[in-house]
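Add chain U to chain G, keeping to what the hints say.
Each chain, written out:
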Amino acid sequence: MCMAIPSRILRIDGDSATVECFGVERVVSLMLMPEPVAIGDYVLIQSGSFAVETVESGAALAALDYLRQVLAEPDTANDVA
Amino acid sequence: MSLPAEGRLDIEISVADGLFGPAIIRNQRPVGATAALAGRSPGEAVRLVTRLFSVCRLAQGVAAAEAVEQAAGQSAGAVQRQARRMLLAGEMVLEHASRALLDWPMLAGEAPSLAALKALRGALAALHGDLYPAGDWMCPGGGGLAPSAAPLSQRLATARQVIGQAVFGGDAPVDPPSWRRWLATAHTATARLLAGLVEQGLAGFGASSVTTLPALDPVLLATRLAADADGAFVIRPDWQGAVHQTGPLARQAGQPLVAAILAESGPGLLALMAARLVELASALWEMEEIAARLCQDDGLFCSPAEGSGLGVVEAARGRLVHRVEMREGRVSRYQILAPTEWNFHPHGALVDGLLGQPAGRDPEGRARLLIAALDPCVDYRLSLADA
Chain G
1 MCMAIPSRIL RIDGDSATVE CFGVERVVSL MLMPEPVAIG DYVLIQSGSF
51 AVETVESGAA LAALDYLRQV LAEPDTANDV A
Chain U
82 MSLPAEGRLD IEISVADGLF GPAIIRNQRP VGATAALAGR SPGEAVRLVT
132 RLFSVCRLAQ GVAAAEAVEQ AAGQSAGAVQ RQARRMLLAG EMVLEHASRA
182 LLDWPMLAGE APSLAALKAL RGALAALHGD LYPAGDWMCP GGGGLAPSAA
232 PLSQRLATAR QVIGQAVFGG DAPVDPPSWR RWLATAHTAT ARLLAGLVEQ
282 GLAGFGASSV TTLPALDPVL LATRLAADAD GAFVIRPDWQ GAVHQTGPLA
332 RQAGQPLVAA ILAESGPGLL ALMAARLVEL ASALWEMEEI AARLCQDDGL
382 FCSPAEGSGL GVVEAARGRL VHRVEMREGR VSRYQILAPT EWNFHPHGAL
432 VDGLLGQPAG RDPEGRARLL IAALDPCVDY RLSLADA
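As you go down the protein sequences, you meet chains G and U in turn.
According to the working numbering, the residues represented by the first sequence are 1 to 81, in order.
According to the working numbering, the residues represented by the second sequence are 82 to 468, in order.
Please note that a few of the clues may not be correct.
Said to hold, decoys possible - Each pair of labels, with its calculated beta carbon distance range:
1. G/G23 to U/P299: 22 to 28 Å
2. G/S49 to U/R262: 32 to 38 Å
3. U/G203 to G/E25: 27 to 33 Å
4. G/G23 to U/P232: 39 to 45 Å
5. G/E25 to U/A215: 33 to 39 Å
6. U/G322 to G/L10: 46 to 52 Å
7. G/E25 to U/A196: 40 to 46 Å
8. G/Q69 to U/R162: 46 to 52 Å
9. U/G210 to G/S49: 44 to 50 Å
10. U/R107 to G/A38: 37 to 43 Å
11. G/G23 to U/G277: 39 to 45 Å
12. G/G23 to U/Q235: 39 to 45 Å
13. G/G40 to U/G210: 36 to 42 Å
14. G/Q69 to U/A265: 52 to 58 Å
Unchecked claim - If you want a taste of the chain G side facing chain U, the calculated C-beta under 8 Å gives, among others:
15. G48
16. A59
17. L61
18. E73
Hints are computed from structural coordinates only; laboratory data are not their basis.
Quick reminder that beta carbons are idealized off the backbone N, C-alpha and C, glycines included.
Chain U on its own, in the form it takes in the complex:
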């Protein structure tokens, strides 16, 4: 159950003659949730953002810091940017693993791997404290970066062990041959779910013709947001008239295993879920690579008086955009464009992916699988009607 202030998606699907019909999505997101950031200092606004939008707190904090920095005409130094990459990768690992260990097993009627997820959360949820002991990781310009090598190394070792055992049952599959072996022999709930999709002919279920979100011209994006007086763009975004999807599949479509699955069964359930697993493994490798060369850094002083700025990051669920306007040293306007608004757009990947697909004996179960594969950042309510 969601709280009114947290927002919710109301998804209404219909079935006729055994096929899914047009779905209707009502986005109950509180569009004015950032309005009360106006009047605050940039530092206070960024801290509040990380407390309020805490589902992907680190991505939100980094996007907020970068928006403020751009408003000041600054950017954080290279070392700070590396540390932020580390934070984003850590959050991505935790979010993707949460889907594989918690949400997906429950959809498949299996018990979630709570002990494994708890161990992983213990390793990664406080990662920012090992990098920024003063807790100022979200500070515009960069916080007091003082990485503690030994605890960091221990956290990463724990994360690798938990993910290896509980998600992959060994090494992560990275190419079609190892993927086929994994589906055939691995005994984790994740492998069983995906092998089951293949056996049931659901690998391509939900394949959508909605294209992936391209790189967005930052000037055009800032202009579009600045003109969005009623919030229509951030609640129902398009780019030059087209709706797009964003997230792990958009980012990993060129990876050999994901590309092979796309070629075989299209951008359906299997490709969406495999892309998340591929990204889970690659984000962990990226963390290990960055950890080896992180060093101390004090950051820059950053407190813009006037101007506007954009912060764009790839969060676990897709591209996240923050925009801030500053006047007389205070925030005068704050906007967030979140990935859920692309993927759960009334004409987006979920609606397009369901339309005309076979509903089977359990249409609600199939719809929930596709919703989970697209991974909304808010709770949802699903209703099913016979057309």
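If we strip away everything but chain G, and leave its shape as in the complex, we get:
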């Protein structure tokens, strides 16, 4: 549903970075980022594997805290075939 969850940068390797969110790590391209990023920054990922913007850490943590509440609810997941 149009969600893009802030992911934290763990490692940077040239134009790509390893990011983590809820224990899931993925490698993303930094080539669409408008400014340099650093380890520990939060970024939004779009089109599967492109970081597109930095999220201020307070806003990122608020979003992640909200999602922790959502994921803790037993009927959150959905599977309609």
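Frame of chain G, contents of chain U only:
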């Protein structure tokens, strides 16, 4: 790879005797993702919505603000509504251009135009800051609108230049003769992809009999959402028993070029993609038109105590609906009906469009093209089985 909380579509397609069979779509969207908005102030809920549902953040924020305003029995003033039109058009330009410069070339085996897309994002991604310097663009009742004419004009000039060069290779084609010339002579990856579809006989591939989403009676829609206790409607919507499709083709079907393509090859890949390009060009023109007459406005105070409201906007991917219920000044219930749930419905445009179509030598590639043309707002996983 998607994160569990972001949701995902699992799409299973089958091929028998060279034709696509029935496809199965499992929508793994977290249906309860808006439940934890309950108990928050309307302003806090709207801000959180724009942080969480950030793929089409501006459309989500405008829909949220309008839902809260309706719950208060208010609507934003005309100037604020114009500014919101500008934000929605800007997001539409950026989203459609992202498909043309990033997703479509990769499907066609070409390199994406990352430098062009980065320049376009630089011009448009922070557009709301030029209109609402305090960052309160999503504020119910309207934020502090103080448009900065010079930077805005520069952003639009950059957007026009990038799109002209990287997507269209010149002026956007707007009618059948200019479209044919563009396919024959333009040298952008977008033109090559679409010309290739025509050459391969895939212009009408994926044409679906699923009709476009009509205007929905707001009272009936609100009633339907209010009764949706288990989320079945927002995850698998229908309107009076029928499934519909929404998005650029539904909005642009009457535009002369799109109408001509529809008449020639039906609502398949070419019409879906051409409608997106036509809308990309028209959204940019709309932004330029609105920019010329935007002025300062302070908005209205809006903080409903009781009641419910609906916000309906046309986002890049199709119609987006938000509904809020308020009790004692706090959100008591929040619902979102997103366009992906229409287009990727188990009986929707993708499933209907694939059924019985020739699978060719690369069925997965063909299926991915149609998925991209319908443009889900979540990641998807595609699996292919021989029936």
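Hints, one by one, checked against the model:
In this structure, G/G23 and U/P299 break the distance hint of 22 to 28 Å, their C-beta atoms being roughly 42 Å apart. Hint check: G/S49 to U/R262, Cβ distance near 35 Å, so the stated range 32 to 38 Å holds. Look at U/G203 against G/E25: about 28 Å separates their beta carbons, and that is inside 27 to 33 Å. With their beta carbons about 41 Å apart, G/G23 and U/P232 fall inside the hinted range of 39 to 45 Å.
A C-beta distance of roughly 36 Å is found between G/E25 and U/A215, which places it inside the suggested range of 33 to 39 Å. Taken as a hint, the range 46 to 52 Å holds for the pair U/G322 and G/L10, whose Cβ atoms sit roughly 49 Å apart. For G/E25 paired with U/A196, a C-beta distance near 28 Å fails the hint of 40 to 46 Å. Between G/Q69 and U/R162 the CB atoms are about 34 Å apart, so this pair departs from the stated range of 46 to 52 Å.
A hinted range of 44 to 50 Å is violated for the C-beta pair U/G210 and G/S49, which are about 27 Å apart. At about 38 Å, the beta-carbon gap between U/R107 and G/A38 stays in the expected band of 37 to 43 Å. At roughly 41 Å, the beta-carbon separation of G/G23 and U/G277 lies within the given 39 to 45 Å, and the hint holds. For the hinted restraint 39 to 45 Å between G/G23 and U/Q235, the CB-CB distance of approximately 43 Å keeps it satisfied.
Between G/G40 and U/G210 the beta carbons are some 24 Å apart, a value that contradicts the proposed interval 36 to 42 Å. Between G/Q69 and U/A265 the CB atoms are about 55 Å apart, so this pair conforms to the stated range of 52 to 58 Å. Taking 8 Å as the C-beta cut-off, the interface hint given for G/G48 holds, the closest approach to chain U being about 6 Å. The beta carbon of G/A59 comes within 6 Å of a beta carbon in chain U, closer than 8 Å, and the hint placing it at the interface holds.
With a least beta-carbon distance of about 11 Å to chain U, the hint placing G/L61 at the interface is violated under the 8 Å criterion. Given the 8 Å rule on beta carbons, the hint for G/E73 holds: about 5 Å separates it from the nearest Cβ of chain U.
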